[in-house]
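> Spelled out, the chains give:
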Amino acid sequence: MIYSTIDTIAHTNRLRHIDTRLKVIFSIMTLLITVASTSPVPPILAFLTATILILIAAKIKPRTYFLLLLTPLFFGLISLLLMSLFFGYADSPLYSFEILSHTFVVQKEGANMGLLVASRTLAGSACLFFLALTTPMTELFTGLRWLGIPEVVIELAMMIYRYIFVLLEEAERMWLASQMRGEGSFRTKIEVFSMLAGTLFLRTIHQGEILFVAMNSRCYDGETNSLAYQENKTKISITALSAILLFEAVLAFVTILTRNTVLI
Amino acid sequence: MNIIDAQNVTYQYPDGTKALDDIDFSFEKGSITAILGQNGAGKSTLLLHLNATLRPINGTVYLKGEPLAYDKKGLHHIRRTVGMVFQNPDDQLFAPTVLQDVAFGPKNLKHTGAEIKHRVDEALRLVGMEAYADKPPHFLSGGQKKRVAIAGVIAMKPEIIVLDEPTAGLDPQGCAEIIEILDELNAEGRTIIFSTHDVDLAAKWADRIYVIHEGRIKKHGSPSQIFADHTMISETGLRLPTFVQTFRELKVRGISGGDSPLTMLNFIESVSKPFDVVKVRCAVAGTDVCAGEKVGLVMKDGMVCTTRVDIDMNAEITASGRVLYNAMAGEDIVVGGITGTLTQKNGNIYIVPIPRVIEGGSRAVDLVTIFKIIAEHEPLKIGAMGTSAKVVVRKAGIHCDFDVDVIQSGILAAVRGLNVMVFVTGGMVDRVIQKIECHNKHSGQEIKFSTITLQPKITSGVQVP
Numbered sequence: 001m002i003y004s005t006i007d008t009i010a011h012t013n014r015l016r017h018i019d020t021r022l023k024v025i026f027s028i029m030t031l032l033i034t035v036a037s038t039s040p041v042p043p044i045l046a047f048l049t050a051t052i053l054i055l056i057a058a059k060i061k062p063r064t065y066f067l068l069l070l071t072p073l074f075f076g077l078i079s080l081l082l083m084s085l086f087f088g089y090a091d092s093p094l095y096s097f098e099i100l101s102h103t104f105v106v107q108k109e110g111a112n113m114g115l116l117v118a119s120r121t122l123a124g125s126a127c128l129f130f131l132a133l134t135t136p137m138t139e140l141f142t143g144l145r146w147l148g149i150p151e152v153v154i155e156l157a158m159m160i161y162r163y164i165f166v167l168l169e170e171a172e173r174m175w176l177a178s179q180m181r182g183e184g185s186f187r188t189k190i191e192v193f194s195m196l197a198g199t200l201f202l203r204t205i206h207q208g209e210i211l212f213v214a215m216n217s218r219c220y221d222g223e224t225n226s227l228a229y230q231e232n233k234t235k236i237s238i239t240a241l242s243a244i245l246l247f248e249a250v251l252a253f254v255t256i257l258t259r260n261t262v263l264i
Numbered sequence: 001m002n003i004i005d006a007q008n009v010t011y012q013y014p015d016g017t018k019a020l021d022d023i024d025f026s027f028e029k030g031s032i033t034a035i036l037g038q039n040g041a042g043k044s045t046l047l048l049h050l051n052a053t054l055r056p057i058n059g060t061v062y063l064k065g066e067p068l069a070y071d072k073k074g075l076h077h078i079r080r081t082v083g084m085v086f087q088n089p090d091d092q093l094f095a096p097t098v099l100q101d102v103a104f105g106p107k108n109l110k111h112t113g114a115e116i117k118h119r120v121d122e123a124l125r126l127v128g129m130e131a132y133a134d135k136p137p138h139f140l141s142g143g144q145k146k147r148v149a150i151a152g153v154i155a156m157k158p159e160i161i162v163l164d165e166p167t168a169g170l171d172p173q174g175c176a177e178i179i180e181i182l183d184e185l186n187a188e189g190r191t192i193i194f195s196t197h198d199v200d201l202a203a204k205w206a207d208r209i210y211v212i213h214e215g216r217i218k219k220h221g222s223p224s225q226i227f228a229d230h231t232m233i234s235e236t237g238l239r240l241p242t243f244v245q246t247f248r249e250l251k252v253r254g255i256s257g258g259d260s261p262l263t264m265l266n267f268i269e270s271v272s273k274p275f276d277v278v279k280v281r282c283a284v285a286g287t288d289v290c291a292g293e294k295v296g297l298v299m300k301d302g303m304v305c306t307t308r309v310d311i312d313m314n315a316e317i318t319a320s321g322r323v324l325y326n327a328m329a330g331e332d333i334v335v336g337g338i339t340g341t342l343t344q345k346n347g348n349i350y351i352v353p354i355p356r357v358i359e360g361g362s363r364a365v366d367l368v369t370i371f372k373i374i375a376e377h378e379p380l381k382i383g384a385m386g387t388s389a390k391v392v393v394r395k396a397g398i399h400c401d402f403d404v405d406v407i408q409s410g411i412l413a414a415v416r417g418l419n420v421m422v423f424v425t426g427g428m429v430d431r432v433i434q435k436i437e438c439h440n441k442h443s444g445q446e447i448k449f450s451t452i453t454l455q456p457k458i459t460s461g462v463q464v465p
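Protein chains in written order, with my numbering: chain A, 1 to 264; chain B, 1 to 465.
It cannot be assumed that every hint is accurate.
Okay, derived cross-link-like pairs now, DSSO-like style, lysine-lysine, Cα gap no bigger than 30 Å in a straight line [what the hints assert, rightly or not]:
hint : chain 1 : residue 1 : chain 2 : residue 2
1    : B       : K73       : B       : K135
2    : B       : K117      : A       : K235
3    : B       : K135      : A       : K59
4    : B       : K135      : A       : K61
5    : A       : K235      : B       : K135
6    : B       : K441      : B       : K251
7    : B       : K441      : B       : K395
8    : A       : K235      : B       : K110
No wet-lab data here; the hints were simulated from the structure. Note that the structure is predicted; figures quoted are calculated from it, not measured.
Isolated chain B, as found in the complex (with noise of 0.2 Å):
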């Protein structure tokens, strides 16, 4: 169902400049949608018509089949649908502290004392910026302000988040943990709509992506659709993702296959057949490596693969092969020469879901049952996904080997061989099993992957004496 449709829309600047030029477009429900394009594209003038801050001079914009109205109760109804997030927070941010400005929103839909609280604080949380409540925006790094610039559109609970340049002067780190929250509220069926530049992050995290240029839509559709169009990337100035660059150089040598990838993880995948070692038949020497043990392949052709393998006991060599060197603690031992059938073995992913902030957060979490499963599926990977999952990681003090792009790392870490372990704040857990499945769908490798519920924590106040 598409929750904002236009038809063609035109809209044109007092100084005559056509900003947008008769376009039609429409974002599904619950989708991501990037509009892609270069600067001066029109890609802020079209976010500007989706919550009626601008007005087409000819067309018209529907939300959820509805023509938007115009008067003051159809830009009320529209403004607490359509959420807005400025590309740059000081613009967005008036109110003298946090508190009061994620406040305003929910402030101006007439809510209670109680309610405007609890979506306060809910909507901090979320962010992760509780800690910064009394303190004014100029104490805050631009990242933060990113943040708190979020807390105050979803602390009016919109179906729809517009965000102008989400990333925009991020660092790596701050861009990815906005795109982590923005993951969150979509798995709450949220619909975000953001505009940008950065082909990277287009190709990897949006649903569907509009180019547009010179007002215009060149395009739409899927993004392995959008970036197998060499031409209109080109002409439209923008380029092709890093993956999708590296995959062409490393095809037209022969070295990959299949189809253009679109994140590391299906780079990796189309990359990684050549390589495969999976049924290896190599010269045995030496009794020093058991099954099941760490070791690594020396190839003929003098190639180095560390890899965690199992050696097949049914195979006529019994697992055994010559230690290479010495290798320091938790490193793989590499040695040669070994014969028999070898199957790789991938690891696990064990998912421990966490409650949601609305449902209580890393406080209704036992750390005490943490350490126990962590204890029990140990050696591992460990990641934590989403705002209160992180917040029990680090609550705990649990060193964290992945925080962004953390199924990717994690499925990369257990065809590697390791078993992952990775917290998940409530809703997304969906969207981690369905792209573990469609990894194994893809590649024919099967991760294993299980789901271990924690016990809800008895509160002080349920229990009877």
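So that you can see chain A by itself, here it is in the shape it has in the complex (with noise of 0.2 Å):
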């Protein structure tokens, strides 16, 4: 599975222990000037840049990291496409073709408008992959507290996270018994999944009765912060924090160089 695949590679990288916070600042920060960015040449330094700290620093395999890329390429490469053939106007033509006697032409301010979208698609992407390799999810809720998240909602992320874990158990155990009793046709696989969601359903909700119970018996008052306990504070290094706001001002600086410049 997938998840857990995540979240394993998050607990056993090489940056696992770098604290968290810097994470957070690096990724968050590299991705609003990205967003914020009208030019494809910040969002495609930071790419590298997070790439780099994934595959180098990080040590994930390049396969993994790939494969997990392949998503937002898929949709970076379907708006190039689309915004190049149907943006822009009609006196700067690139390059044109004809399908089915129907001319499609490739717009200048399309195509870089495309670009763009790639390229900050692909961007962000990066930086919140770095993010979710290196930094379990047992820490980054530490990191999103420090950012001032109501604890209300880190509460129920914290429960909901670790019980994703228990339905994913129970839903391939299911699913395996379902399939180890007969294939049938396609309806009736149909009928299988609705019959399995719905008592998978059901059992979430006798999860939760129990999960209210089991609170209750180690003397659970309804106060928001019993999850709430870090032993280990440690201190952000002065070093780590000034490379990345250093990246972080060069990234902001080449943003506004290059502000409304295009690459075609």
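Got two chains here, each in a separate frame; can you build the complex from them with the hints?
If you want it as structure tokens, here you go:
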């Protein structure tokens, strides 16, 4: 299962023990600058940096990373294609071709806009993949708390995270059990699927009830910070923080320099 | 003194099924009680009454003589006194990491940060899970999850620990480890109440057993009282413990005698009489064996009994015998034809107390002294009991011959003439001594035991410059 793979990588990669806040600062700031940029240059820079960090610093298998990248790559290419065909003014054609007696014209503005969107998509995904692959969820919660996300949201997220795996296991067991009793037609498959989904939902409710009893058994009184226990309070390394801020400054500077410039 | 009492407790589920039907029970402080019954007998329902999760529709449960109060303040008091470990650890572990889960209870008890840290560390070390503190529960095995679930409860320091099927779904080793952790908690004075349908576990571990069937208490009493009632056992869908069954078969064949055994040790005692090698007379040929050596006896009817014997030097025959074959190193030498009065010699049991986790645990022990003690007493069989003793043995890289059922295995080895050294975690020493004395009294054989006290390790902070 891909989720547990990402979770495992997050727990074992080489950047695991870098302070979560640094990783959060890096990926969020880079993401924001990338989104704000009006030229594809800063996103490409950000994408390369995040990729280098993921592949070389965190030593994550290139195969895993590229498999993950396939999704944003696909969306990026689709938007590049569509935008270059349907956006822009008619007076700046780059290239034209004919399919079924209909002429398609690739417009310059459209191509540029498509390129910008594709590069932003890739860069944004790379930033988030960096965070997801190097930081275990468990530590991300600390980072989120530090960012000032409300405690209720974090506690809910924590329990959801925990029970995703219980539910996944349950779903897998039920799916296997249905598979073992023979394969049916497409119609039966749909029926079995709806049955599994329904049962899973009922079990979720049941699990929720048990969870409530379990929490009450340990004196839970509705206060929201009961899970907010952290033992290790690490200090942010000034060197690393300065390096990140310097990178962000350079990226922001490049963004301003290259604003509204186009590649094509 | 009873820590929990209940009178006329009746509980009905919303759909109308009577889960508990007018039952009385009481649990003695510091005891281990098993609630034994088949699936659906009402065991879990009974346990859920103990921490006021369920409220009886009729009857009263008393905690330390006070009827349970079901208001907010009362529930808080009950739940900090009665800790509940669920059957499925996934139901209980809801925090994203082990550490946060164990800290959940103490945090709800509004302890200070330092106290929470102290309790969490102590609880995790007691169950041997300190290395997994930052792991999410889905990375752990079933046994490890169970241990974390127990740690989450002991971090709240409850006087009573209630466990629903503590060994369900665990492998034999995992099962033995859980029992040992609970034994250690019990040695600290905590009351343990658990439900099970494992009759062997109830027979060997519980002080008292309640048999529950279709929502009613069928019988309660000591394990020997319970398993003497064969009709009741079969009526309630249970079975007799393996040792009791085997004993019954041997008894009707005239091999075993005495009381029905509940543990391996009792069982061996019940069958060992016909094979007693004490004062066996044989004819001597050859002169290859010296007194005090390990020899085996070939008895008249051809039965081979290998045991360590001391040949009595006062007998008319000096120590000698014919070696029948060359045994491998470490094995007994089998000799034939010995005459003389042979007295069987039991091994000694050396008890080495190891400080408990709260007293510093394995860190308060100097490994060099451990090696010294072992070297002084070799050859030895070595056992470790309790968490910190096990850690010491592991740290020192000593091969452990027994790590489950340590007392029983140790006594059995001593009966075979081997010297045994058991590293015992703090509070459990008295229990070991009590068990050995009980065996000595019961069997008439004397196993000598002594306690070797370790000097406390001098930490650098105490040393005078």
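> Checking one constraint from the list: CA of K135 (chain B) to CA of K61 (chain A), max 30 Å. Satisfied?
Roughly 22 Å separates the two Cα atoms, so the pair holds.
> Holds or violated: K73 (chain B) with K135 (chain B), Cα cutoff 30 Å?
The hint is violated at about 34 Å.
> For K235 (chain A) and K135 (chain B), compute the direct alpha-carbon distance and say whether it is at most 30 Å.
Given that 30 Å is the threshold and the Cα spacing comes to 21 Å, the pair holds.
> Is K117 (chain B) within 30 Å of K235 (chain A), Cα to Cα?
With Cα atoms ~19 Å apart, K117 (chain B) and K235 (chain A) stay inside 30 Å; holds.
> Against the 30 Å threshold, does the CA-CA distance of K441 (chain B) and K395 (chain B) hold or violate the hint?
Distance ~36 Å between K441 (chain B) and K395 (chain B) Cα, so the pair is violated.
> Under the criterion that the straight-line Cα-Cα distance not exceed 30 Å, is the pair K441 (chain B), K251 (chain B) satisfied?
Measuring from Cα to Cα gives roughly 22 Å; hence the hint holds.
> Check the hint pairing K135 (chain B) with K59 (chain A) against an upper bound of 30 Å on the C-alpha distance.
With a Cα-Cα distance of about 21 Å, the restraint between K135 (chain B) and K59 (chain A) holds, given a limit of 30 Å.
> Can the restraint linking K235 (chain A) and K110 (chain B) be considered satisfied, given a maximum Cα separation of 30 Å?
holds, 27 Å
Comparing the model with each numbered hint stated earlier shows that hints 1, 7 do not hold.
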